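S.K.: As a plain string of letters, each chain reads:
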Amino acid sequence: MQSENKCSILKNPVSKQSKQNKGMSFEEIYDTYYSKIFRVCMGYMNDHGRARDVTQDTFITVWQKLDQFRNESAIGTWIFRIASNHCLRQLEKQNRMPPGEMPVELEDKPPPDTEGQVQLLYRCIAELPEIDRIIISLELEDVKQAEIAAITGLSETNIRVKVYRIKEKLSQKFKKYEQQY
Amino acid sequence: MSSNIDLKALWQQQPAGDKPDIKAVIKKAMGIKNKTRNKLIWTNLVLLATVVLIIYVGVNLDTRVLTTTIGVVLIVFAIVAFMIVSNGLYMGLFKSHPETDTFTYLAELMSIQKKQQFIQTRVLKLYFLFLGLGLFLYMIEFERKMSFFWAIVSCVSSLGWLAFAYFYITPRVFKRQQADMNATIAKLQAINKQLHESEGAQ
Chain L
1 MQSENKCSIL KNPVSKQSKQ NKGMSFEEIY DTYYSKIFRV CMGYMNDHGR
51 ARDVTQDTFI TVWQKLDQFR NESAIGTWIF RIASNHCLRQ LEKQNRMPPG
101 EMPVELEDKP PPDTEGQVQL LYRCIAELPE IDRIIISLEL EDVKQAEIAA
151 ITGLSETNIR VKVYRIKEKL SQKFKKYEQQ Y
Chain B
1 MSSNIDLKAL WQQQPAGDKP DIKAVIKKAM GIKNKTRNKL IWTNLVLLAT
51 VVLIIYVGVN LDTRVLTTTI GVVLIVFAIV AFMIVSNGLY MGLFKSHPET
101 DTFTYLAELM SIQKKQQFIQ TRVLKLYFLF LGLGLFLYMI EFERKMSFFW
151 AIVSCVSSLG WLAFAYFYIT PRVFKRQQAD MNATIAKLQA INKQLHESEG
201 AQ
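Chains as they are written, first to last, in my numbering: chain L, 1 to 181; chain B, 1 to 202.
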């Protein structure tokens, strides 16, 4: 009975039709934003398993709340907000749940090999304070600064200053690590 | 070299790996949500059945002793109040708003954490206090009709069980949760401070 209910959630044509926005179905949103959201989560956590879990959590929320989205902001801004807040929410879950447990356990593949400099960038970002991590991840994901302001609740001027400072800090970290290795 | 690093180009090179089948993800997540909801419904039903039973017994008792009536009222009050407060918290958890901006969401998270902490400390203490007191008053009438030995046995076993639950089981369960919660609240406050400092710096 319960499994029938679960299946009907996905098959119900009414709910499927309502899970659309400006001509974009949920599946299209998922295809368009999956990699972007994953990178933002990686920027925050620098942990492949956790980033994958939080990306999944984000899209579950998007699926649940898409009906309530009222076009007050761009769909991208709305999704990035959900992702940033899910990243912050990880504070609570870190102690309770080992990584890779929620909600679908994929085959436990090792994280892909990435270039040294890419790894270094994500490592440097993960060492920043939480809000800075979110801001720089969104900036590097090409989100407009006005949108970053709407996502974080900070002013646009503040975001501009912060982005400049964080980039400087990142460059210094890069230099430092490059000298070390 | 470092001054010319193209951060955006490097950022984009991070592979996202295989995309999971979103339908399977949603199906499983809904399953977990349903399980949590069903657990909550069952807990409520058991508590409600207990309340109904206590009221039924209380109404049908041929008693003229005031302590028994007060005992029944206190027990029912303890259970109903606990149900209302804990259900209110769970409803709040189901209705959090991750689509709001970080400022608002952090405030919401902190409020949820504090409410949870409040329930696990004060509300639970009051629950045990009212339940214990109610049980004690309720039993007076019946214990007076028992022999001294059986009155002591019945009093020690029921109040002893409550004391065991309150002093041993509950602290063990909540000790770890409290530590996690305090750590989370401290961390949330630290992040909140980052946001406020950013705004203050302007």
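Any given hint might turn out to be false.
Stated by the list, open to error - Residues of chain B clear of chain L, computed beta-carbon distances all greater than 10 angstroms:
| hint | residue |
| --- | --- |
| 1 | TRP11 |
| 2 | ASN87 |
| 3 | GLY88 |
| 4 | LEU89 |
| 5 | LEU106 |
| 6 | PRO171 |
What the hints assert, rightly or not - Okay, derived cross-link-like pairs now, SDA-like style, lysine to any residue, Cα gap no bigger than 20 angstroms in a straight line:
| hint | chain 1 | residue 1 | chain 2 | residue 2 |
| --- | --- | --- | --- | --- |
| 7 | B | LYS115 | B | LYS145 |
| 8 | B | LYS193 | L | ALA126 |
| 9 | B | LYS8 | L | GLY76 |
| 10 | L | LYS65 | L | GLY49 |
| 11 | L | LYS144 | B | LEU10 |
| 12 | B | LYS19 | L | PHE26 |
| 13 | B | LYS8 | L | ASP132 |
| 14 | L | LYS65 | L | GLU27 |
| 15 | B | LYS33 | B | THR43 |
| 16 | B | LYS175 | B | PHE164 |
| 17 | B | LYS114 | B | VAL85 |
| 18 | B | LYS115 | B | ILE185 |
| 19 | B | LYS115 | B | LYS187 |
| 20 | B | LYS187 | L | GLY153 |
| 21 | L | LYS169 | L | ASP132 |
| 22 | L | LYS167 | B | GLN194 |
| 23 | B | LYS39 | B | MET83 |
| 24 | B | LYS145 | B | CYS155 |
| 25 | B | LYS193 | L | SER155 |
| 26 | B | LYS27 | B | THR43 |
| 27 | B | LYS8 | L | LEU120 |
| 28 | B | LYS193 | L | ARG165 |
| 29 | L | LYS65 | L | VAL118 |
| 30 | B | LYS27 | L | ARG165 |
| 31 | L | LYS65 | B | THR43 |
| 32 | B | LYS23 | L | MET24 |
| 33 | L | LYS167 | L | GLN90 |
| 34 | L | LYS173 | B | LEU7 |
| 35 | L | LYS176 | L | PRO129 |
| 36 | L | LYS167 | B | PHE164 |
Rather than coming from a laboratory, the hints here were simulated on the basis of the structure. Bear in mind the structure is a predicted one, so any value in this text is a computation, not a measurement. Heads up, the beta-carbon is just placed ideally off N, CA and C, and yes, glycines get one too.
S.K.: Against this structure, judge whether each hint is valid.
M.R.: Going down the list of hints, with the structure as the test:
1. The Cβ of TRP11 (chain B) sits about 4 angstroms from the closest Cβ of chain L, inside the 10 angstroms cut-off, so the non-interface label is violated.
2. Residue-level check passed: ASN87 (chain B) sits 20 angstroms from the nearest beta carbon of chain L, beyond 10 angstroms.
3. With a closest Cβ-Cβ approach of about 19 angstroms to chain L, GLY88 (chain B) is found to remain outside the 10 angstroms limit, as its non-interface label requires.
4. Remark: the non-interface label on LEU89 (chain B) is consistent with the geometry, its nearest Cβ contact in chain L lying 14 angstroms away (cut-off 10 angstroms).
5. Distance to chain L contradicts LEU106 (chain B) as a non-interface residue, since its nearest Cβ pair spans about 7 angstroms, not more than 10 angstroms.
6. For PRO171 (chain B), the shortest C-beta to C-beta distance to chain L comes to about 18 angstroms, beyond the 10 angstroms cut-off, and the non-interface label holds.
7. A threshold of 20 angstroms between alpha carbons decides the hint, and for LYS115 (chain B) with LYS145 (chain B) the separation of about 44 angstroms lies outside it, so the pair is violated.
8. A threshold of 20 angstroms between alpha carbons decides the hint, and for LYS193 (chain B) with ALA126 (chain L) the separation of about 19 angstroms falls inside it, so the pair holds.
9. Between LYS8 (chain B) and GLY76 (chain L) the alpha-carbon distance is near 18 angstroms, which keeps this suggested pair within the 20 angstroms criterion.
10. Distance check on the hinted pair: LYS65 (chain L) and GLY49 (chain L) sit about 25 angstroms apart at the alpha-carbon level, beyond 20 angstroms; violated.
11. With a C-alpha separation of about 19 angstroms, the suggested pair LYS144 (chain L) and LEU10 (chain B) falls inside the 20 angstroms cut-off, and the hint holds.
12. Restraint check for LYS19 (chain B) and PHE26 (chain L): the C-alpha separation of about 14 angstroms stays at or below 20 angstroms, so the hint holds.
13. Restraint check for LYS8 (chain B) and ASP132 (chain L): the C-alpha separation of about 16 angstroms stays at or below 20 angstroms, so the hint holds.
14. For the hint linking LYS65 (chain L) to GLU27 (chain L), the alpha-carbon distance of about 14 angstroms falls within 20 angstroms, and the restraint holds.
15. A threshold of 20 angstroms between alpha carbons decides the hint, and for LYS33 (chain B) with THR43 (chain B) the separation of about 16 angstroms falls inside it, so the pair holds.
16. Note on LYS175 (chain B) and PHE164 (chain B): the hinted pairing holds, with a Cα-Cα distance of about 16 angstroms set against a maximum of 20 angstroms.
17. For the hint pairing LYS114 (chain B) with VAL85 (chain B), the CA-to-CA distance comes to about 13 angstroms; that is within 20 angstroms, so the pair holds.
18. Proximity of LYS115 (chain B) to ILE185 (chain B) is assessed by CA-CA distance (about 11 angstroms); at most 20 angstroms being required, the pair is judged to hold.
19. Taking the CA atoms of LYS115 (chain B) and LYS187 (chain B), the gap is near 17 angstroms; set against the 20 angstroms cutoff, the hint holds.
20. Our distance criterion of 20 angstroms between C-alpha atoms is met by LYS187 (chain B) and GLY153 (chain L), whose separation comes to about 19 angstroms.
21. This hinted pair checks out: LYS169 (chain L) and ASP132 (chain L) have alpha carbons roughly 11 angstroms apart, not beyond 20 angstroms.
22. Taken as a hint, the LYS167 (chain L) and GLN194 (chain B) pair is honoured in the structure, with Cα atoms around 17 angstroms apart against an allowance of 20 angstroms.
23. As the CA atoms of LYS39 (chain B) and MET83 (chain B) are separated by approximately 14 angstroms, the hinted pair is consistent with the 20 angstroms bound.
24. The suggested pairing of LYS145 (chain B) with CYS155 (chain B) holds, with an alpha-carbon distance near 13 angstroms, which does not exceed 20 angstroms.
25. The hinted pair formed by LYS193 (chain B) and SER155 (chain L) meets the criterion: a straight-line CA distance of about 16 angstroms does not exceed 20 angstroms.
26. The hinted pair formed by LYS27 (chain B) and THR43 (chain B) fails the criterion: a straight-line CA distance of about 24 angstroms is larger than 20 angstroms.
27. Pair hint LYS8 (chain B) plus LEU120 (chain L) holds up; C-alpha atoms about 13 angstroms apart against a cutoff of 20 angstroms.
28. Between LYS193 (chain B) and ARG165 (chain L), the direct Cα distance comes to roughly 18 angstroms. Compliance with the 20 angstroms bound is thereby established for this hinted pair.
29. Between the alpha carbons of LYS65 (chain L) and VAL118 (chain L) the distance comes to roughly 34 angstroms, so the proposed pair goes past 20 angstroms and is violated.
30. Restraint check for LYS27 (chain B) and ARG165 (chain L): the C-alpha separation of about 43 angstroms exceeds 20 angstroms, so the hint is violated.
31. A hinted pair counts as satisfied when its Cα atoms are at most 20 angstroms apart, and LYS65 (chain L) with THR43 (chain B) does not qualify at roughly 28 angstroms.
32. Between LYS23 (chain B) and MET24 (chain L), the direct Cα distance comes to roughly 17 angstroms. Compliance with the 20 angstroms bound is thereby established for this hinted pair.
33. The straight-line distance between the Cα atoms of LYS167 (chain L) and GLN90 (chain L) is roughly 25 angstroms, outside the 20 angstroms bound, and the hint therefore fails.
34. Note on LYS173 (chain L) and LEU7 (chain B): the hinted pairing holds, with a Cα-Cα distance of about 13 angstroms set against a maximum of 20 angstroms.
35. Simply put, LYS176 (chain L) and PRO129 (chain L) have alpha-carbon atoms about 18 angstroms apart, close enough for the 20 angstroms limit, and the pair holds.
36. Between LYS167 (chain L) and PHE164 (chain B) the alpha-carbon distance is near 57 angstroms, which puts this suggested pair outside the 20 angstroms criterion.
Checked against the numbered hints listed earlier, the structure breaks hints 1, 5, 7, 10, 26, 29, 30, 31, 33 and 36; every other hint is satisfied.
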